[in-house]
Amino acid sequence: MKLPINVTVNGTPQTHEVEPRLLLVHYLRDVLGLTGTHVGCDTSQCGACTVLLDGAAVKSCTVLAVQADGGSVTTIEGLAEGERLHPLQEGFWERHGLQCGYCTPGMIMTAVDLLRQHPDPTEAQIRDGLEGVLCRCTGYQHIVAAVQDAAQRLKAQ
Amino acid sequence: MALSRVVGASIKRREDPRLITGQGTYTDDVRLPGALYMAVVRSPHAHARLGPVDLGPALRQPGVVAAFSGADVPLSLPTFAVLNPDKPPPARPALARDKVRYVGEAVAVVFAEDRYAARDAAELVEVAYEPLPVVASLRAALAEGAPLVHDDYPGNVYVRLPRSQGDAEAAFRDAKHVVRLEMVSQRLNAVPMEPRATAAEYRRGDGTLTVWSSNQVPHTLRGVLAAVLELPESRLRVIAPDVGGGFGAKLQVYSEEALVAWAARRLGRPVKWAEERRETMLTLSHGRGQEAVYEAAVDADGKVRALRARVVGDLGAYLLLYTALIPMLTINMLVGPYDIPVVDSELVEVFTNCAPTDAHRGAGRPEATYYLERLMDRVAATVGLDPAEVRRRNFVRPEQFPYTSAVGSVYDSGNYQMALDKALALANYDALRQEQARLRGEGRYIGIGISSYVELTGVGPSRAFGAPVWESAVLRAEPDGTLTLISGVPSQGQGHETSFAQIVAGELGVPFESVQVLMGDTAVGVAGVGTFSSRSMPVAGAAVVQAAGKVRDKAVQIAAALLEAAPADIEYRDGRAEVRGAPGKAISFQEIARAAYAAFKLPPAIEPGLEATVFFDPPNMTYPFGTHICVVEVDPRSGEVQILRFLGVDDAGRIINPLLAAGQLHGGIAYGIGQALWEEIVYDADGQLRTASLMDYTIPSSRLLPRYELEHTETPSGTNPLGAKGIGEAGTIGSTPAVVNAVLDALAPLGVTHLDMPLKPERIWQAIQARK
Numbered sequence: 014m015k016l017p018i019n020v021t022v023n024g025t026p027q028t029h030e031v032e033p034r035l036l037l038v039h040y041l042r043d044v045l046g047l048t049g050t051h052v053g054c055d056t057s058q059c060g061a062c063t064v065l066l067d068g069a070a071v072k073s074c075t076v077l078a079v080q081a082d083g084g085s086v087t088t089i090e091g092l093a094e095g096e097r098l099h100p101l102q103e104g105f106w107e108r109h110g111l112q113c114g115y116c117t118p119g120m121i122m123t124a125v126d127l128l129r130q131h132p133d134p135t136e137a138q139i140r141d142g143l144e145g146v147l148c149r150c151t152g153y154q155h156i157v158a159a160v161q162d163a164a165q166r167l168k169a170q
Numbered sequence: 215m216a217l218s219r220v221v222g223a224s225i226k227r228r229e230d231p232r233l234i235t236g237q238g239t240y241t242d243d244v245r246l247p248g249a250l251y252m253a254v255v256r257s258p259h260a261h262a263r264l265g266p267v268d269l270g271p272a273l274r275q276p277g278v279v280a281a282f283s284g285a286d287v288p289l290s291l292p293t294f295a296v297l298n299p300d301k302p303p304p305a306r307p308a309l310a311r312d313k314v315r316y317v318g319e320a321v322a323v324v325f326a327e328d329r330y331a332a333r334d335a336a337e338l339v340e341v342a343y344e345p346l347p348v349v350a351s352l353r354a355a356l357a358e359g360a361p362l363v364h365d366d367y368p369g370n371v372y373v374r375l376p377r378s379q380g381d382a383e384a385a386f387r388d389a390k391h392v393v394r395l396e397m398v399s400q401r402l403n404a405v406p407m408e409p410r411a412t413a414a415e416y417r418r419g420d421g422t423l424t425v426w427s428s429n430q431v432p433h434t435l436r437g438v439l440a441a442v443l444e445l446p447e448s449r450l451r452v453i454a455p456d457v458g459g460g461f462g463a464k465l466q467v468y469s470e471e472a473l474v475a476w477a478a479r480r481l482g483r484p485v486k487w488a489e490e491r492r493e494t495m496l497t498l499s500h501g502r503g504q505e506a507v508y509e510a511a512v513d514a515d516g517k518v519r520a521l522r523a524r525v526v527g528d529l530g531a532y533l534l535l536y537t538a539l540i541p542m543l544t545i546n547m548l549v550g551p552y553d554i555p556v557v558d559s560e561l562v563e564v565f566t567n568c569a570p571t572d573a574h575r576g577a578g579r580p581e582a583t584y585y586l587e588r589l590m591d592r593v594a595a596t597v598g599l600d601p602a603e604v605r606r607r608n609f610v611r612p613e614q615f616p617y618t619s620a621v622g623s624v625y626d627s628g629n630y631q632m633a634l635d636k637a638l639a640l641a642n643y644d645a646l647r648q649e650q651a652r653l654r655g656e657g658r659y660i661g662i663g664i665s666s667y668v669e670l671t672g673v674g675p676s677r678a679f680g681a682p683v684w685e686s687a688v689l690r691a692e693p694d695g696t697l698t699l700i701s702g703v704p705s706q707g708q709g710h711e712t713s714f715a716q717i718v719a720g721e722l723g724v725p726f727e728s729v730q731v732l733m734g735d736t737a738v739g740v741a742g743v744g745t746f747s748s749r750s751m752p753v754a755g756a757a758v759v760q761a762a763g764k765v766r767d768k769a770v771q772i773a774a775a776l777l778e779a780a781p782a783d784i785e786y787r788d789g790r791a792e793v794r795g796a797p798g799k800a801i802s803f804q805e806i807a808r809a810a811y812a813a814f815k816l817p818p819a820i821e822p823g824l825e826a827t828v829f830f831d832p833p834n835m836t837y838p839f840g841t842h843i844c845v846v847e848v849d850p851r852s853g854e855v856q857i858l859r860f861l862g863v864d865d866a867g868r869i870i871n872p873l874l875a876a877g878q879l880h881g882g883i884a885y886g887i888g889q890a891l892w893e894e895i896v897y898d899a900d901g902q903l904r905t906a907s908l909m910d911y912t913i914p915s916s917r918l919l920p921r922y923e924l925e926h927t928e929t930p931s932g933t934n935p936l937g938a939k940g941i942g943e944a945g946t947i948g949s950t951p952a953v954v955n956a957v958l959d960a961l962a963p964l965g966v967t968h969l970d971m972p973l974k975p976e977r978i979w980q981a982i983q984a985r986k
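Residue numbers (the numbering used here), protein chains in the order written: chain A, 14 to 170; chain B, 215 to 986.
Here chain A stands alone, though its shape is the one from the complex (with noise of 0.2 Å):
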């Protein structure tokens, strides 16, 4: 049995029929082809597959792809616009917050609403805040750089 949803991914409005079952972050990558958000774990741990969901960072292997009916997802593959990296991109960059880059995306998209609520977090609040993606190449102090580094952009913007 399949459901229609309509969602709007990255600006763009998509409808489908899909599975009850059927994951968003499936829907994402296999439906839209949006390889960008990742899949790293089982039970809601590692967040490699968080993306916004009406705003908020949702791990999107924990929602429903019939949950995302009638609302609007930014993923990682959303965020610059068009050849303008977002600060969060640029200060990753700049500040070697990625390695192998897998957990990279839910880590960005996570700092995005973490900034959100935070503008000018100190590095416990990023920590804090980060807590629930998890990198096993970084150690993580490049990506509090990163996040501290976007930060400062984001103000002087």
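Because the hints were derived from the structure by calculation, they are not lab data.
Note that the structure is predicted; figures quoted are calculated from it, not measured.
Using N, Cα and C, we set each Cβ at its ideal position, and we do this for glycine too.
Estimated spans, in silico, between C-beta atoms of each pair:
hint : chain 1 : residue 1 : chain 2 : residue 2 : range
1    : B       : P693      : A       : D133      : 49 to 59 Å
2    : A       : T21       : B       : F814      : 53 to 63 Å
3    : B       : L273      : A       : E96       : 47 to 57 Å
4    : A       : E144      : B       : Q237      : 25 to 35 Å
5    : A       : A169      : B       : F814      : 51 to 61 Å
6    : A       : E144      : B       : P258      : 31 to 41 Å
7    : A       : N19       : B       : P247      : 19 to 29 Å
8    : B       : P247      : A       : A93       : 20 to 30 Å
Heads up, incomplete: computed chain B residues facing chain A, CB under 10 Å, no partners named:
hint : residue
9    : G236
10   : T239
11   : Y330
12   : P406
13   : E490
14   : H880
Put chain B on the given structure of chain A with help from the hints.
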């Protein structure tokens, strides 16, 4: 060698633009129209006779195209580390045949039109098992009369390897003190953020098979697949695209990779597989898994005269590619940075009904360093010396290099005292100890832990290793003067595309942006070996700089011909060739490249083209070193450890990109702290895995980890033209003992002298209670 401004610069990474915009291509991102999805049926028993496998219920599901069990699939996978020459290693079938030997072992595979259908169908396969008694720990496996994991390995012992030098008996008899410790380096899981994935497509028309896999060694994977599938390597293309972390666990050829490749040809449709995290925990090769008893014969001055060590390695149920080699690397680094002339060691490798172990960040060296550094602290406590002083008294001295250790390892260069002193200065050690005393007076449990390490990287030469450990580089100037470098080492996040481009740009004086780096595709370039054992800079980087040197030499030859001068009169600098003494007579690298391919101005003696291929086989391994210091506070009410400071001084020889080097250290340190404080793979007595998800297996989050205060020294290596040593594992090797020593130092006033990792709050709290 002309390496200049670009080498040693913290250039931001070439890889990042695609990765920060979601344009990376990880294996499961590869789109193969018409692909079938594979799901794996796995044994729920740790040890059982395998009865009939009924695939019928799965095959009858809509969307299911095929299913196979071990009877249908004649594939077995090899091991390369055959340490017991007396008998053939146990067979490693891709799908279990008569028996299953660990929970999670693959028993059948199902292929369906979509992921969900494949997963549903896999759950419907009915397998008959006849459970057998289980040995799920070293103790159980080595017990008298224990059931056998493999019938032809009595006592579950794969091999016993003694290695000794000198008269240990005499040394221990004459010792002023004998210090003894029993320690465990617990089983770990690498938990790369990208779970394993493999995809394959067979083209019947030209008989070629293309395999994508999240893998550290695409050329090795090609070689093994070619052998097991009976396909020529020249018809088999293996691609490691963007890979989300390896850490040694993807230095492997897994059953699933072979099954995907086999099925693509058998079924005539592309096949995709992506494991679930649960499958990672169950069957990605586990790391570490050792128990050790160490004894030091110590004189009155705290000098260790002899070391006795018995190390027992848990191999798990099967030998993967390098399973039996890893514990041997512990023995190779038995004495660490210390001048201990007498050793008496025995390594025992044991089969258990648990997942197989294999390479895991540090691969045997973190274990060696952990045992030694724990022992050194006990020596200090026994003799009544400061832990830093004990280490200083035992270090190999700078004038002793190159140093041949009592187990036969030849350390190329080092200055362990310098790293220790620099770390102590960075920590303001004396003031720290005073502060500790003051806070102890206030009833707080503050600990300071030191760890000094040396580790072996860039393994080689091939003839000493009995295995190919060279590395390749192909450097090709294009006709427009830009360059393409093809390296044999793929990346799992290390930044090779950036650092290797820096080396080429530095050597040839061309813009960094003009150097394109390709890797990870067996159809491009020449054969390579792969990324592991911290070899990318000392071995692959050495091949790069040598290839750049050869291109430069030919460029000079061509320039000489074009400028009508002798090659000896050409000065090549900053991307230009100039005739010495005639500044007007000059030509750029770009013009040289164009002329090389246009060819009509070349004299007959010079072949057209401008490229070089190098295979670099390192003459010896190279030995980075350092000292880490950790400061912790333990909350006695909860047992929780808070890391107040983590400092380190590391020496990896010449650093190509400091930003990337720092990243490798940060990540390595985080990894080592994880083993010290939180991570462990736990099997119960029935061989059931208790830590099969990230809820139970705690890899550190941003909140749990401290800042790292790092400095470095640069003692060049003479074993490669870059002067570089490997750095990818050093952080892991140095950090774990620093943390554990710090916690034990914190608990010392309570009389706690030993704890095994991980030092979770519960374990610490119970130790504190026991002392009350």
